[in-house]
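*Asks:* These are the residues of each chain, in order.
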Amino acid sequence: MAQVIGQAIDRIDGRAKVTGAAAYAADNRAERMAFGSIVTATIACGHVTSIDANAARRMPGVLLVMTHGNAPKQAPFQAKADDRHARPKPQLASDKVEYFGQPVALVVAETAETARAAASAIVVTYEKAEGAFVLESASGAAYNPGKGPTGAPSDSKLGDFDKAFADASVKIDAIYKTPYQAHAMMEPHASLASWQDGKLTVTSSLQLVESAHKSIADTLKLEPDKVEVISEYVGGGFGGKLPVFGDAILAALAARELNRPVRVALTRQQMFHVTTHRPASIQRVRLGAERDGTLSAIAHQSLAQSARADEFAEPIVFSTRSLYAAPNRMTSQRIAALDLPVADSMRAPGEAIGLLAVEQAMDELAVRLDMDPLELRLRNEPKEDPEKKVPFSTRALVPCLQEGARRFGWDKRQARPGQVRDGNWLLGMGVAAAIRGNFLREAEARVTMESERHAVVEMDMTDIGTGSYTVFAQIAAELLDLPVENIKVKLGHSSYPDTPGSGGSFGASSCGAALHDACTKLKAKLAKGEGAQGLSVTGSVKPGDDYKRYSQYAYGAHFAEVGIEQTTGEVRLRRMLGVFAAGRILNPKTAHSQLIGGMIWGLGSALHEDAVLDPRLGAFVTQDLVHYHVPVHADVPQVEAVLLDEFDAHANVLGSKGVGELGICGAGAAVANAVYNACGARVRDYPITLDKVLPALTRRQG
Amino acid sequence: MRAFTYERPADVASAMKAASQPGASFIAGGTNLLDLMKIDVEQPTHLVDISRLPLREVGETADGGLRIGALVSNTDLAADQRVRQRYPVLAMALLNGASGQLRNQATAAGNLLQRTRCPYFYDVAMPCNKRQPGSGCAALAGFNRMHAILGASQACIAVHPSDMAVAMAALRAEIEVQTPAGLSRKVPIAELHRLPGQNPERDTTLARGELITAILLPPPPAGRQTYRKVRDRASYAFALVSVAAIVDTADGKIRDARLALGGVAHKPWVPKEAERELVGAAADAGSYEAAARAATREARTYPHNEFKVPLTERLVARTLSDLATGG
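Residue numbers (the UniProt record's numbering), protein chains in the order written: chain A, 1 to 702; chain B, 1 to 327.
These are calculated hints, taken from the structure and not from any lab test. Incorrect hints may appear among the rest.
[Stated by the list, open to error] Partial pick of chain B residues on the chain A-facing surface, computed with a CB cut under 7 Å:
(1) Ala3
(2) Thr5
(3) Arg8
(4) Pro9
(5) Leu34
(6) Pro119
(7) Lys186
(8) Arg233
(9) Tyr236
These figures come from a predicted structure and were not determined experimentally. The beta carbon of each residue, even a glycine, is placed where N, CA and C say it ideally should be.
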């Protein structure tokens, strides 16, 4: 059997994507297709008192104006559900406005331009109500959500933190703040809905086809077999396409009203309010240590925004429970309900911003101890999971730190800030750990022999740009002993076998394990002499006990070097290295892309990203990619990801772990720590913009 | 976006005529106007596409300067050998603006006439006196980190976003304007853009239907030139503060100095007092710092942009010092 899994092959869908042949949601066309444009609320809290659509209705080409006054009745919203992304998402259900940018009307017209013009001509009047918009002033209203999105309890305690912290020789007690962030994926949300013989087909841009299928069917009160959901190509998801939004539901409702296909696409500006975001957070980290750097006490407490309209408990503190050894610990997760758009998962929910705090606090402790921050981490390496008290399935944080240090030239780092200069730039280095929970979800996969030498793989899994198509082709090719080009991978149709979809870095392992099972069973049948032609087998996977008996995480270490322009405080990355261990790597090329993508996002979290809230309006004022900054090419001169060999026998049959979120975890903290090392500016309020660095430079220069 | 009609005249006279109808707007590169139309901030009912008019040449003038056609692309202008050699401050400013794709499409005159990037101007749901006179300025007590510290009013604290215009202000360019009556007039760049006062809806002193046909650069000034832009990321970001500086020194003294600042006002800001302090002063750190302080003497800040004052001062002093020492 030729080894195909683990080979760095090119994406099998790459050519279709770069030539434009791959149809993304809004690229799809249908005969007699009409175009919808969403009108969004311009208040954050209150009621719609009237909607004057007369001018819009009179425009030639306008087919339909839908408001809460005439929207078809849909299933009610459910505040709580096992799968938050499978809940009904009724649109235009009442006159109530729960957040700025909430859809309040839909215009459908013969052309996209007419629809947009008519949407602009609709006059909505409101009765405003008082809303709460500011996280800093909401701490009184903070509450314990009980558990996070993966079911872990909000609070944890071990030993006596208060006493151990009081007795500690060296302490850090600091508050860190992270801002609202937008997913800002390349492809805005869009859906095309059409009805035929009472059956609805929605082609959309989604991460979770199975959840979306249930959400759409339930919202419209349809039997599951009367709905087909298709999402073959997705131009970035990052958690922002886990839920179903108004584009899909409104397209479906309008298509039924008009008896013709309707496409609804969000504008880039609408993305910032209609869809979800990463909530802002305020985090307190306390570390207590002996003089030799041994941690005696760790506390991590978080407060994050949650929408009053739809609770979401950002799991900020959870990985802190497994990261470092210390006998006395406490973590707590609190959220505050604000009258803002809905917060939900964004790439590495929890770790992405939790590590911005914890891993900067570790750096602060190292400074206080006058110790190399890498050495501090080595000294607090736990032998087992410090809170669950179970073994780690694998844990390669130490090898990642050591290999990274060697490759990066960490020994050249100067301990004190301001020692290294390049012309007018002060240079500094930073390190941070990466940790990200590994999950396996229930999945099914079908493999069918089209001929002796050709197989088709089918799953309702999505490829959101990660390389799913490619790694599944590799798995099937290796197990069936066929060339990769003889495997056709079909994803993203709700009629295919159920999978958890793309999210939480569980997609490749869960679906890959199910596919492994299908291929193994198929091979057994072939071995028994069953004819290949048309032979079809469905395989599956379910998480077993190993997820309780072992602490399962992927790990890494980030190293960053930054320059600070000493006149202006401009912060620019010089180079960045991540060393990771995430089980068996299914395809080093696509894994590498995911990891450096995550690292660049971490850079953005540290220096750029900030969805600025206007607290008077309850609205984000950064509504496009001019105002909402992500790193551009010039910000990323050199970024490298290295993968250590690993096989996690407790993770799944493939030995693999997720890599989609690992790269962002801790990356921003390494940058923040490098900023301190360069110039002595300790910025705990992200992003680290030059105005926050300037005071330290002014002080330095007297 | 509202419905509009479109025409593409072949010569300046027909363009002027076409633009005389109510609701008409010129369009060239469209890199700003089309965005604004899509989000309903601009609502022209008729677009007069001037992109095929014969205004794409960079030519030498009799006095030794350059005449830059209104439609010369930002890319071509930055690449022009004469600009690079004689007016490096202009080439540098151009290359610090936007992205490669936008510079290919954007024209010289369009760059001058681009609208502010104040986020409140870009959302029709929010008050903005520039977009809707009398509706109020949301930035005044809102998010104003990018906003003006000089020459603003209670009605508007937006800044002009151009880099190119800042270099042209330092170079004392003149704008050649065709009037609807068929006349040609010249406007010093300092008088092209307005301060907001009580009429922030008016960015410039151009009258309705007037067309910029060229930008005239005087002969290259003596001394060294540079453009330094400070921004939140390494590329594709508007200036927090920028400075165009031209300094001529001899025998340890400053013979001439020309400065213009970007990102601090509703127009490219020429700090006259700073220039006056520099001329004749010793070419040393003390003079540069004094000039930097003079440049911000009239500054007024808002809750999120206080940093712009020290930033401007440090940037001006440093840039002058680097220029004088050849850095």
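*Asks:* It remains to establish, for every hint, whether it holds in the given structure.
*Replies:* Verification of the supplied hints:
no.	hint	result
1	Ala3	6 Å, holds
2	Thr5	13 Å, violated
3	Arg8	19 Å, violated
4	Pro9	24 Å, violated
5	Leu34	12 Å, violated
6	Pro119	4 Å, holds
7	Lys186	33 Å, violated
8	Arg233	5 Å, holds
9	Tyr236	5 Å, holds
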